[in-house]
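Novice: Going down the list, the sequences are from chains A and B. For the first sequence, the positions run 1 to 541 when full-length UniProt numbering is used. For the second sequence, the positions run 1 to 308 when full-length UniProt numbering is used.
No lab work stands behind these hints, which were simulated from the structure alone. Note that the structure is a prediction, hence the values are computed from the model and not measured. In this text, a Cβ means the ideal position worked out from N, Cα and C, and glycines have one as well. Keep in mind that a hint or two might mislead.
[Stated by the list, open to error] Which bits of chain A does chain B cover? Going by a derived footprint, with three or more residues having C-beta under 8 Å, they are:
| id | stretch |
| --- | --- |
| 1 | 145-158 |
| 2 | 423-430 |
[Claimed, not checked] No farther apart than 30 Å at their CA atoms in a straight line, the calculated lysine-lysine pairs in the DSS-like style are these:
| id | chain 1 | residue 1 | chain 2 | residue 2 |
| --- | --- | --- | --- | --- |
| 3 | B | K42 | A | K159 |
| 4 | A | K200 | B | K158 |
| 5 | A | K497 | A | K362 |
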Amino acid sequence: MRGAKSATWVAGAIAVALTATACGGGSGSGNNAAVDPNGTYTYYSTEPQHELIPTNSNEVGGGYIIKNLFRGLVDFDAKGKLRYQNAESVESTDNQHFTVKLKKGWKFHNGEPVTASSFVDAWNWGANAKNAQLNSSWFEFIKGYEDVHPKEGDPETDKMSGLKVVNDNEFTIELSKPVSTFKERLFYDAFFPLPKAFFKDTKAFGEHPIGNGPYQQDGNWEHKVQFKTKKFAGYQGVDKPKNGGVIFKFYNTDDSAYNDLVSDKVDIMYKVPNSATSKFKSDLGERAVNEPYGGQTTIAFPMYDKEWGKPEKAKVRQGLSMAIDRDTIVKTVLKDAYDAADGWVPTVVEGYKKDACGEFCKFNPTKAKQLIKEGGGVPGNKMTITFNNDGGHRDWAEAVCNDIKQNTGVNCAAQPRPTFQQVRNEITGKKMDSAFRMAWVQDFPNISNFISEQYRTGAGANDMGFSDPELDKLMDQANSAKTIEESNKLYGEAEKKLTEKMPSIPLFFDHTLGGYSNNVQNVKFDTYRQAIWTDVEVKKK
Amino acid sequence: MGRYVARRLLQMIPVFIGTTLLIFLMVYSLPGDPIKALFGDKAADPATVARLRHQFGLDQPLLTQYWNYLTGLFKGDFGQSFTGRPVADLIGEAFPVTIRLALYAFAIEVVIGVALGMLTGLKRGKFIDQLVLVLTLVVISVPVFVLGFLAQFFLGLKWQLITPTVQDSMNLGQLTVPAIVLGALSLAYVTRLTRTTVAENLRADYMRTALAKGLPKSRRLGVHLMRNSLIPVVTFLGTDLGMLMGGAIVTEGIFNVQGIGNTLYRAIQTSEGPTVVGIVTVLVLIYLVSSLVVDLLYAVLDPRIRYA
Chain A
1 MRGAKSATWV AGAIAVALTA TACGGGSGSG NNAAVDPNGT YTYYSTEPQH ELIPTNSNEV
61 GGGYIIKNLF RGLVDFDAKG KLRYQNAESV ESTDNQHFTV KLKKGWKFHN GEPVTASSFV
121 DAWNWGANAK NAQLNSSWFE FIKGYEDVHP KEGDPETDKM SGLKVVNDNE FTIELSKPVS
181 TFKERLFYDA FFPLPKAFFK DTKAFGEHPI GNGPYQQDGN WEHKVQFKTK KFAGYQGVDK
241 PKNGGVIFKF YNTDDSAYND LVSDKVDIMY KVPNSATSKF KSDLGERAVN EPYGGQTTIA
301 FPMYDKEWGK PEKAKVRQGL SMAIDRDTIV KTVLKDAYDA ADGWVPTVVE GYKKDACGEF
361 CKFNPTKAKQ LIKEGGGVPG NKMTITFNND GGHRDWAEAV CNDIKQNTGV NCAAQPRPTF
421 QQVRNEITGK KMDSAFRMAW VQDFPNISNF ISEQYRTGAG ANDMGFSDPE LDKLMDQANS
481 AKTIEESNKL YGEAEKKLTE KMPSIPLFFD HTLGGYSNNV QNVKFDTYRQ AIWTDVEVKK
541 K
Chain B
1 MGRYVARRLL QMIPVFIGTT LLIFLMVYSL PGDPIKALFG DKAADPATVA RLRHQFGLDQ
61 PLLTQYWNYL TGLFKGDFGQ SFTGRPVADL IGEAFPVTIR LALYAFAIEV VIGVALGMLT
121 GLKRGKFIDQ LVLVLTLVVI SVPVFVLGFL AQFFLGLKWQ LITPTVQDSM NLGQLTVPAI
181 VLGALSLAYV TRLTRTTVAE NLRADYMRTA LAKGLPKSRR LGVHLMRNSL IPVVTFLGTD
241 LGMLMGGAIV TEGIFNVQGI GNTLYRAIQT SEGPTVVGIV TVLVLIYLVS SLVVDLLYAV
301 LDPRIRYA
């Protein structure tokens with residue numbers, strides 16, 4: 001015990017020394033140095049968890065590499081606007097039947113032309129239950145998905161009936177029901193095309209992926225060290241690389257990577273470690289990046305709980321929400337790394353409406369007390385906010401609880417669980433009996449992704465067990481809407497409706513906290529908090 | 001001697017089975033479901049989960065799983081990690097790095113530690129002795145991670161003498177600072193241990209005899225004194241090699257060395273049973289072998305110790 005205590009003291013002293021001496025860095029860098037179009041730069045990353053197969057990679061380490069080696073039918077530009085890549089057009093009149101025409105001249109890195117079959121075969125393979133791909137549920141809207149991916153047992157066929165190849169440059173998709181955002185969904189990695197070589201030997205492909213994107217693999221994947229890519233000369237997309245290639249450098253800890261960033265040993269980092277959030281501006285100067293991205297944090301309630309499920313408790317949740325002074329917490333505790341939320345959809349996402357949550361997300365202690373009283377109070381006058389301790393959430397969870405305690409007299413405690421995994425286990429096992437942290441990062445920058453995935457009855461990320469037939473109906477209408485604008489409007493109404501039942505309390509919108517080295521310029525981050533890889537310019541040495 | 005070695009080797013079998021079984025049981029009782037965790041935030045698709053569970057044999061009783069694992073091991077198969085890569089590959093990538101780092105640290109602690117220990121043991125009470133005693137006390141009382149961060153901060157960021165993290169884990173030059181950090185604690189122990197035994201043995205009868213016989217100083221110190229003084233040191237060093245490999249977790253984390261420590265740490269975090277058990281199995285083997293080597297070395301150092 002004595003040893004542990006002295007260790008804390010020493011660590012504390014060092015932390016003080018580090019912050020004290022860290023100031024004064026960050027001399028401004030010339031923003032328009034000569035550029036080397038063939039220069040490569042290094043990108044902070046983590047060792048991919050899986051072999052590099054688009055339908056099986058769902059974590060950032062592998063995802064970032066795959067996103068650079070491949071291009072899908074569509075993708076999003078820096079502002080979150082949809083644009084065509086490998087597709088010439090994706091057309092539909094009813095959001096259920098789609099015709100996809102491909103641009104001509106696209107090639108895989110091995111020279112094989114990209115055809116309609118490259119897409120259809122890849123999707124059929126990825127959806128097939130036999131191949132147990134982690135991203136297979138992305139194909140669930142396509143007609144015939146149940147045939148290749150039955151709930152139990154082996155599939156009887158290996159082709160989805162909804163996919164038909166018309167000719168080399170055209171194929172059609174039929175969905176089992178209308179989905180207004182299906183075109184948006186097509187950007188996702190699971191929908192990338194695959195060359196013939198993939199089906200011959202998937203294992204070998206996982207080590208040496210062949211894509212159709214702006215970069216191709218350069219040399220072998222040096223496991224746990226780095227993955228090198230170089231510019232692909234035959235790339236046909238709209239975003240031609242302004243550099244020679246990206247080297248994904250794998251780090252074990254954010255902290256060690258951050259030290260490398262400060263000393264120009266790694267060029268771009270999209271998230272600085274928690275320990276550096278208060279000093280990275282002074283360390284990096286104008287090379288520090290702090291801007292909003294498509295992610296949000298809420299505290300959710302177990303609607304399956306006997307007490308919290310009662311209809312009048314909606315008022316209690318509204319009241320609790322009004323007792324939280326988000327602005328002050330953001331400024332003091334979170335050091336401007338977040339924005340105070342005014343709804344369930346982040347500002348940078350298409351379909352965002354200002355003040356969607358209305359007065360319920362505004363700080364008003366008097367009204368808060370009144371609402372909680374009207375709703376019969378918090379069960380037992382005490383609540384907890386459960387969070388995972390390995391993600392740096394303790395500070396805000398305690399701050400939120402403090403606000404609730406001070407402004408309403410409800411006994412609130414922040415309740416840590418050691419790991420993310422454990423907390424997820426309890427949540428998906430429906431074992432919660434009070435509030436818990438819920439967070440969502442966009443799959444694609446559209447309001448539907450935030451509302452439908454979390455608040456539709458039985459949806460994948462509906463951790464609350466929340467169900468509201470009216471809301472479901474509204475979302476169904478939105479999904480069969482003719483235009484994306486109309487769909488957005490209906491989803492906006494659904495978001496407004498959430499305030500009535502308040503199954504979760506919106507807290508914050510997330511920020512990208514990143515930075516880049518002196519070796520690169522023109523570094524911008526998109527709403528996925530990824531650098532626009534192809535736009536990065538490498539300075540001449 | 002041969003029989004002794006055989007007996008020791010046979011003893012390894014129950015130790016080996018016991019330890020792996022214990023680790024196996026511990027890892028599988030960790031909270032969280034590693035297969036569901038593969039899906040991240042997304043809801044896991046039950047059909048895929050069931051298929052993966054079957055693929056990794058997780059749908060069988062624990063003891064059957066252990067038996068399968070053990071029989072696989074004898075065929076040289078370490079199994080597959082939940083992310084699809086053979087554990088043998090993971091081990092093959094990470095161990096050479098850590099062995100390199102650990103041996104480097106080991107070499108530093110042996111050479112410098114024994115030298116300093118001899119020096120201070122012979123010059124007991126002099127200034128140099130006091131100085132080394134204070135310095136080693138400092139090293140012993142400062143935790144390794146503090147030492148690592150300090151080295152990284154001052155040498156890497158402040159004075160820019162080294163790169164803050166290791167860029168190439170197989171480059172011995174870059175491993176120097178991590179190796180010193182890793183070996184520092186044991187270095188201090190080796191120094192103090194050597195100093196004590198040297199000081200003690202200086203007054204032993206055989207040393208006086210050697211002096212009386214008129215043996216030259218180099219022989220007195222080099223053969224008579226050192227050989228006898230090294231016995232406890234060798235014991236310490238033997239177990240220390242295993243410690244270094246395991247203790248590399250902290251150092252590897254700070255300096256981003258892509259070794260076994262990191263692989264193990266990650267695997268524990270994600271309840272990657274096969275990887276954890278595989279790595280620890282190899283670590284156990286290293287412990288067993290190094291302690292056997294230590295026991296055999298006794299006989300070499302002290303002819304009075306003989307094994308039947």
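Novice: Work down the list of hints and note, for each, if the structure agrees.
Specialist: Against the structure, the hints come out as follows:
1. 145-158: With 4 residues in contact (Cβ-Cβ under 8 Å with chain B), the coverage given for the stretch 145-158 of chain A holds.
2. 423-430: Coverage by chain B holds for the stretch 423-430 of chain A (3 residues, Cβ < 8 Å).
3. B:K42 with A:K159: With a Cα-Cα distance of about 25 Å, the restraint between K42 of chain B and K159 of chain A holds, given a limit of 30 Å.
4. A:K200 with B:K158: 52 Å, violated
5. A:K497 with A:K362: Distance of about 17 Å is within 30 Å: holds.
Hint compliance for this structure: hint 4 alone is broken.
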